[in-house]
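S.K.: Now for the letters of each chain:
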Amino acid sequence: MLNMVLPWAFGMVSLALLLSLYRLLVGPDVPDRILALDTLYLNTIALLVLFGLLQGSALYFEAALLIAVMGFVGTIALSKYLLRGDIME
Amino acid sequence: MLDAVLAILVLVGAFFTLVGSWGLAKMPDFFMRLHGPTKATTIGVGSVLVASALYFSFNTDGVSLHEVLVTLFLFMTAPVSAHMMAKAALHLRVKQVERTRSAVVESGVVNSYDGTPFRRKE
Chain U
1 MLNMVLPWAF GMVSLALLLS LYRLLVGPDV PDRILALDTL YLNTIALLVL
51 FGLLQGSALY FEAALLIAVM GFVGTIALSK YLLRGDIME
Chain F
1 MLDAVLAILV LVGAFFTLVG SWGLAKMPDF FMRLHGPTKA TTIGVGSVLV
51 ASALYFSFNT DGVSLHEVLV TLFLFMTAPV SAHMMAKAAL HLRVKQVERT
101 RSAVVESGVV NSYDGTPFRR KE
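Just so you know, the protein sequences line up as chains U and F, in that order.
Okay, so the first sequence: first residue is 1 according to the UniProt record's numbering, each after it adds one.
Okay, so the second sequence: first residue is 1 according to the UniProt record's numbering, each after it adds one.
These are calculated hints, taken from the structure and not from any lab test.
All values derive from a computational prediction rather than experimental measurement.
Under 7 Å between C-beta atoms, here's a sample of chain U residues computed to sit facing chain F: (1) ALA9; (2) MET12; (3) ASP29; (4) LEU35.
From the three backbone atoms N, C-alpha and C, an ideal C-beta is built for every residue, glycine too.
Full structure from sequences and hints, please.
M.R.: Written as structure tokens, this is what we have:
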């Protein structure tokens with residue numbers, strides 16, 4: 001049953017990635033683009049975990065954890081830069 | 001039985017991820033767009049991660065805790081990053097839809113950044 005559902009899940013997450021990419025390209029202001037990047041990394045984590053389920057390999061979680069940490073730091077740094085004009089004060 | 005639970009979790013997770021991104025692409029202004037990714041996408045990714053944790057806990061020996069780590073990290077950081085982005089957008093005064101615009105903030109009586117009254121520099 002899982003093997004039947006996985007292609008649909010891949011399709012939905014890929015569509016979500018495309019919609020986020022649309023907002024990244026179109027987004028009228030800078031915060032919109034930061035939000036789109038944030039959504040892109042969340043979708044990438046979902047796609048990586050689904051791929052791990054498909055392959056039956058537990059190797060992809062290290063990558064997912066790294067993407068989560070680096071994405072969070074990136075979002076905070078960009079927002080802080082917009083807020084203060086500087087990251088470290 | 002386990003297979004059915006995993007299938008439902010994966011499907012629900014992918015669906016919520018899609019709904020979050022759809023909201024991001026469709027909503028009219030930034031503060032509405034913030035709702036989709038911060039809530040729907042977080043619960044979607046969390047659901048997929050729980051499915052993965054169950055799968056690897058039952059199919060390999062021992063409990064698989066990597067996914068729980070990622071889930072906890074995401075659920076802790078999503079509100080923080082949303083708060084920072086909203087602060088940045090308020091600071092930059094991005095465009096808002098007419099009906100969500102606050103008359104008090106627009107008139108300049110209070111600071112849009114933290115809601116405190118404006119005090120001019122001497």
